[in-house]
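> Here is how the chains run, residue by residue.
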Amino acid sequence: MGFLKKMFGGEKDKPQIVKRSALNLQVGDIVSYDLEDYVVIGVLEYNDEGWVWRDYHLESDDKHIWLSAEQDDELYMGIFEKIKMPLEKPQQKITYDGIDFELDETSTARITVVEGQVGARVGNKVRYWDYCDEEEERFISIEEWDGDFEFSYGYEIDPREVDFMAGS
Amino acid sequence: MGLFKRVRDISMSQLNHLLDKAEDPVKMLEQYMADMEEDIVEAEKSVAKQIALEKKMHRQLTEAEEMVGKRQTQAMQALEQEKEDLARKALEDKKRHQSKADDLQAQWQVAKENADKLKGQLQQMKDEYETLKGKKQTLQARAEAAKAQKNINQAFSGIGSGSGRKGFDKMEEKVMALESEAEASNELRSGSTSLDKELESLGGSDVDNELAALKAKLKSNKEE
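Line by line, the protein sequences give chains A and B. Letter by letter, the first sequence follows residues 1 to 168 in our numbering. Letter by letter, the second sequence follows residues 1 to 224 in our numbering.
If you're looking for bench data, these hints aren't it; they were derived computationally from the structure. Hints should not be assumed to be uniformly reliable.
[To be verified] As a list, the in silico PhoX-like pairs of lysine-lysine whose alpha-carbon atoms are at most 20 Å apart:
id, chain 1, residue 1, chain 2, residue 2
1, B, K83, B, K56
2, B, K56, B, K119
3, B, K112, B, K49
4, B, K56, B, K112
5, B, K133, A, K19
6, B, K95, B, K83
7, B, K70, B, K45
8, B, K119, A, K19
9, A, K63, A, K84
10, B, K56, B, K126
11, B, K49, A, K19
12, B, K147, B, K136
13, B, K49, B, K150
14, A, K19, B, K126
15, B, K150, B, K21
16, B, K70, B, K100
17, A, K63, A, K82
18, B, K45, B, K147
19, B, K112, A, K63
20, B, K136, B, K27
21, A, K63, B, K95
22, B, K56, A, K19
23, A, K63, B, K133
24, B, K49, B, K70
Given these sequences and hints, build the entire structure.
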């Protein structure tokens, strides 16, 4: 029946919409978090020797945040905001907003996916330093892009708190 | 807005009614949920576009309002510097931005209302889907139980009036007939046994009688 339907045009081919998750968001999708809707305006995928994670540039009105998602033994998600820090270079211990952070890990990742407004290219290499506070609830991330340091401050969120809508 | 394309008009009670009537309720339910899932994905797309549009308009509105404020400040500064022409120019441009901001404010308001309305409908659809998902197992179990019951009933009715029962009846008749025959042959057998005995006894006396009769005849012949 399906074959005949296709032969005689009974069933029109329509583009398949892939259900969105934290690991396959695209530019134009909507992320709802904490009673706010954000439009995905950029996608970055990092790969550090097989460890893959994605950062999404989200925009709502004038607010810009980054959603980070990594599938390990379970799905980890965090919200980050770009911050300014009076640091010349990464150190073992740093302080931000009165909180002490200790270096957790540092490595280099390669950018494997770039979409929209992220200011990077596929193949770019980025050195990163991840810090966490004593309770391991707040994080600081430092990334080195072409010699410039970018600082982000964030916290982990429960994946169940986030909702996605495919925009295309 | 066309969010609920296939399933919008079917309430849960209607669905239950349809399921009760359906030949294969489980299959029907699965198809219904698959259609609903497809509708949700399509609806999400519409809602996402509407939200993106609303955000874009809000950004444009903010920009226009910022320009109104900027031109206002420039006009004041120009007047402070006694540059009235420049102040007039700034105020004219401020008016243009204000008009644009007013238009955008109205458009954004409509876009926001639409986005909220669509979001509400989508949420309602998702809630209904989740409810259905929860009920699916129960409905499936109900359908399976009904199917099993039907099979059992059919099996029973088959025994009552079907070929199986007829076969048993025939067999019973045959058995009964055989039993009758057996009984009859038994009677016959027992009958013949007694007759033989009787005949035997009868036969025995006949021979004796005949023998006696012969003996008597021979005796009378001799005497003659």
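> Going through the numbered hints above, which ones does this structure break? Give me the numbers in ascending order.
As far as the earlier hints go, 1, 7, 10, 13, 18, 21, 22, 23, 24 are violated by this structure, in ascending order.
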